[in-house]
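Undergrad: Listed below, chain by chain, are the residues.
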Amino acid sequence: MKYDLDLARLHLAEHQMDFLAGSPVVGHCHHFNLFWDQTMDDALGEDAGRRVRTAAAHKSSYKFLRGLVDAAGAVSPVERLHLAGAVFSAMGHGKLHLAVGRSGGLVRGEQLHYGFGWREKYGKTLTRSSPADAFATGFSAAATEVAYNLDPGSRSAHEERCVVDGSAGCSIRVSATASDPMIPLGVDPESARDVLPPSFHGQYEDRIAPMVSGLREFLGSVSGDERGVIEAFGVLVTVHLADYYNHAAHDVLDEIARDKPGGVEAFRGLLLEAGRSCAFHTFGGVLSSPEWEAMAGAPSGDPLEIVTGCVALARALGFGRWAIEEFEPDRRLVLTSPSTYESLFSRLVAAQGCEAGGIFVGAGIGIMQLAHGVTWQPRPSIDAPLYLQLARTNPWHVEQESSFAAGDVLDRIVVTRR
Amino acid sequence: MTNTDFAALVRAVEPLRACFIVEASSGALHREFRRGPMAVEPELIARAVAGLARAQTDIVGLAEPATLTTLEWAGVTVIVRSVSANALVVFFFKPETTLGIARMHITNLVDQLDAMLPSGRLATTMAMPTVAPPAPAAPEPEPALAPEPSPEPEPSSTPARASGASRAEKLLDYLDEHAPDTHAALLRVSLQTGLPLSLLKTPGRLSGEEFDQVTASVRRILGVEQLPL
Chain R
25 MKYDLDLARL HLAEHQMDFL AGSPVVGHCH HFNLFWDQTM DDALGEDAGR
75 RVRTAAAHKS SYKFLRGLVD AAGAVSPVER LHLAGAVFSA MGHGKLHLAV
125 GRSGGLVRGE QLHYGFGWRE KYGKTLTRSS PADAFATGFS AAATEVAYNL
175 DPGSRSAHEE RCVVDGSAGC SIRVSATASD PMIPLGVDPE SARDVLPPSF
225 HGQYEDRIAP MVSGLREFLG SVSGDERGVI EAFGVLVTVH LADYYNHAAH
275 DVLDEIARDK PGGVEAFRGL LLEAGRSCAF HTFGGVLSSP EWEAMAGAPS
325 GDPLEIVTGC VALARALGFG RWAIEEFEPD RRLVLTSPST YESLFSRLVA
375 AQGCEAGGIF VGAGIGIMQL AHGVTWQPRP SIDAPLYLQL ARTNPWHVEQ
425 ESSFAAGDVL DRIVVTRR
Chain V
107 MTNTDFAALV RAVEPLRACF IVEASSGALH REFRRGPMAV EPELIARAVA
157 GLARAQTDIV GLAEPATLTT LEWAGVTVIV RSVSANALVV FFFKPETTLG
207 IARMHITNLV DQLDAMLPSG RLATTMAMPT VAPPAPAAPE PEPALAPEPS
257 PEPEPSSTPA RASGASRAEK LLDYLDEHAP DTHAALLRVS LQTGLPLSLL
307 KTPGRLSGEE FDQVTASVRR ILGVEQLPL
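Going down the list, the sequences are from chains R and V. Add 24 to the 1-based position in the first sequence for the numbering used here, that's all there is to it. Add 106 to the 1-based position in the second sequence for the numbering used here, that's all there is to it.
Derived from the structure by calculation, the hints contain no laboratory data. A portion of the hints provided could be inaccurate.
To be verified - Over 10 Å on every C-beta distance to chain V, these chain R residues come out as not near it, computed from the model:
| id | residue |
| --- | --- |
| 1 | Q62 |
| 2 | A67 |
| 3 | A95 |
| 4 | S100 |
| 5 | A123 |
| 6 | G293 |
| 7 | Q413 |
As the list claims (entries may be wrong) - With a cut-off of at most 30 Å between alpha-carbon atoms, the simulated BS3-like pairs for lysine-lysine come out as follows:
| id | chain 1 | residue 1 | chain 2 | residue 2 |
| --- | --- | --- | --- | --- |
| 8 | R | K284 | V | K276 |
| 9 | V | K200 | R | K284 |
| 10 | R | K145 | V | K307 |
| 11 | V | K276 | V | K200 |
| 12 | R | K145 | R | K26 |
| 13 | V | K200 | R | K145 |
| 14 | R | K26 | V | K200 |
| 15 | R | K145 | V | K276 |
| 16 | V | K307 | V | K276 |
| 17 | V | K276 | R | K26 |
Beta carbons: idealized from backbone N, C-alpha and C, even for Gly.
Work out the full structure, taking the sequences as your base and the hints as a guide.
TA: The structure is reproduced here in structure tokens:
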């Protein structure tokens, strides 16, 4: 069964945010996803990190799947489990065989995004014994609960085998043991509309708007292949639940602010780095791809062309309606947005008065690096050595001057030369 | 500039087999990058190159920065380049590299290296013994090439403390060399241990307990039980 994501998609055009079955979704690649999960584990340790990530996946997936089965009119457990597996694959997370009953069971996974992605990226250089697929694990617990109309948190799951340690496949055990108490809160379109300020135009809209349309048309046609994998632009792409990232980051921030305050600066630094990784690998991967060349022409190397392309990509991936307030090549970039998928969650759900994320600030740096540190003709290799080189020679500094999460009217960042 | 900064810069130049930065006045090795084992110890090469450079400057004079010499040495093309008043860079290119290509790479690298090197005296962080203590009886090179007396190391630390500092620096250098996403590795250590970044950037100040924490963190990041240090 192949699921068409457009069946459940809602696009808030004014704010460039996407919802699937009432849950916000964004596009992210395996470089970003692995770095993000790794940061959660660095903060808390592997076991506690995996627990928090699994809980975040469980909460966000329960809310998502509940909305999905309602929207699809799926009534029986079999229908619901099929639907859950199909949408999981369509989103690029791999294949899940959900052989579960009311009390649980065994879920077999193939090409699960995190394990598969980790093996692709690090398998030749690192060894790892702790399983990687917390998202699939939490998703499996939630799928069981939703299929059988069980209370959220009444089932728990853990990954018993994972390909990261050389196993042939992944398996996840769902059991009737209750997980931690769970309230599946998250962002929904109605509350988002209530709180989001009006959007506004930035500079170069005449360039950006057509690119967003073209990109949305192209990305809308992208879906997991028969393996449940989306391979595009040199990366493994997922359509991911934004609430997953946000729940995990806020829960981790709570814990380290309480137990290990000396680590908060590094935590924020690594979230920023995750944002830079996203800009480099995803934005850079798209801009250097044949698909982009067909749509917009090969980048000439003009910094403005790169900056406008990246802003269009951020919008098309559901990050928010990013706009260019000011751009002076080689000197300064000011980006604004009514909010991002991170600051919206922080304002609506976490209510901590601060953001736990780094997509806007990190991507701001990454965009300037792509615009000024990469030779675009001939087509560059968007690879690890270039990523490292840009980090080592980075001349850019970023400040967040306004934060929607902290109560300001918008998000605003300023990137300048050091 | 850490050794990792240096390694990251030169590693990207595929025809380079090795590259060293040498303090011209003393012949001390400041930074090194090697793709594989070399038949001759880098410290010996550094001293020899510094001696060669001094001899050449004495004979022909030199307007810096400039290429001092080009030679074929043990099957590789070696080019010595002066990048500042007191820094030499020794490039070892694969034998099939044409001189034109080598010079092009050097031109690209030297500007960046020059900007990243401190003015004045260079720290000799890489020239440390791995196992043996620095016994005074250790064989020294001939007096003409011996390092000049240096005013910089203050004898205030105890030998044990100096050894601890050296171990911590080596540990973090090793992490820099081997970690995935190496530019973010120190942030990861900070987050894992809860130790502030400012402390990790001066590893000589780590206490014994903090050193153990950092060691555990490095093992975890690299996914190994033991470190070859």
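Undergrad: Does each hint fit the structure? Answer for all of them.
TA: Hints versus structure:
Under the 10 Å C-beta cut-off, the non-interface status given to Q62 (chain R) relative to chain V is violated; the minimum distance is some 8 Å. The claim that A67 (chain R) is not at the interface with chain V is violated, since a C-beta of that chain comes within 10 Å of its own (minimum 5 Å). Consistency note on A95 (chain R): stated as away from chain V, and its beta-carbon is indeed over 10 Å from all of that chain's, at 39 Å minimum. A cut-off of 10 Å between C-beta atoms confirms that S100 (chain R) is not in contact with chain V; the least separation is 44 Å.
Every Cβ of chain V is farther than 10 Å from the Cβ of A123 (chain R); the closest lies at roughly 32 Å, confirming the non-interface assignment. Annotated as non-interface, G293 (chain R) brings its C-beta within 10 Å of a C-beta of chain V; the closest such distance is 5 Å. A beta-carbon of chain V comes within 10 Å of the beta-carbon of Q413 (chain R); the shortest separation is about 6 Å. Note on K284 (chain R) and K276 (chain V): the hinted pairing holds, with a Cα-Cα distance of about 26 Å set against a maximum of 30 Å.
Taken as a hint, the K200 (chain V) and K284 (chain R) pair is broken in the structure, with Cα atoms around 49 Å apart against an allowance of 30 Å. The suggested pairing of K145 (chain R) with K307 (chain V) holds, with an alpha-carbon distance near 28 Å, which does not exceed 30 Å. Our distance criterion of 30 Å between C-alpha atoms is met by K276 (chain V) and K200 (chain V), whose separation comes to about 28 Å. Between K145 (chain R) and K26 (chain R) the alpha-carbon distance is near 28 Å, which keeps this suggested pair within the 30 Å criterion.
At most 30 Å may separate the alpha-carbon atoms for a hinted pair to count; K200 (chain V) and K145 (chain R) meet this at roughly 29 Å. Restraint check for K26 (chain R) and K200 (chain V): the C-alpha separation of about 53 Å exceeds 30 Å, so the hint is violated. A hinted pair counts as satisfied when its Cα atoms are at most 30 Å apart, and K145 (chain R) with K276 (chain V) qualifies at roughly 27 Å. Restraint check for K307 (chain V) and K276 (chain V): satisfied, since their Cα atoms lie roughly 13 Å apart, inside the 30 Å limit.
Distance hint between K276 (chain V) and K26 (chain R) is unfulfilled; the C-alpha atoms sit about 53 Å from each other, more than 30 Å.
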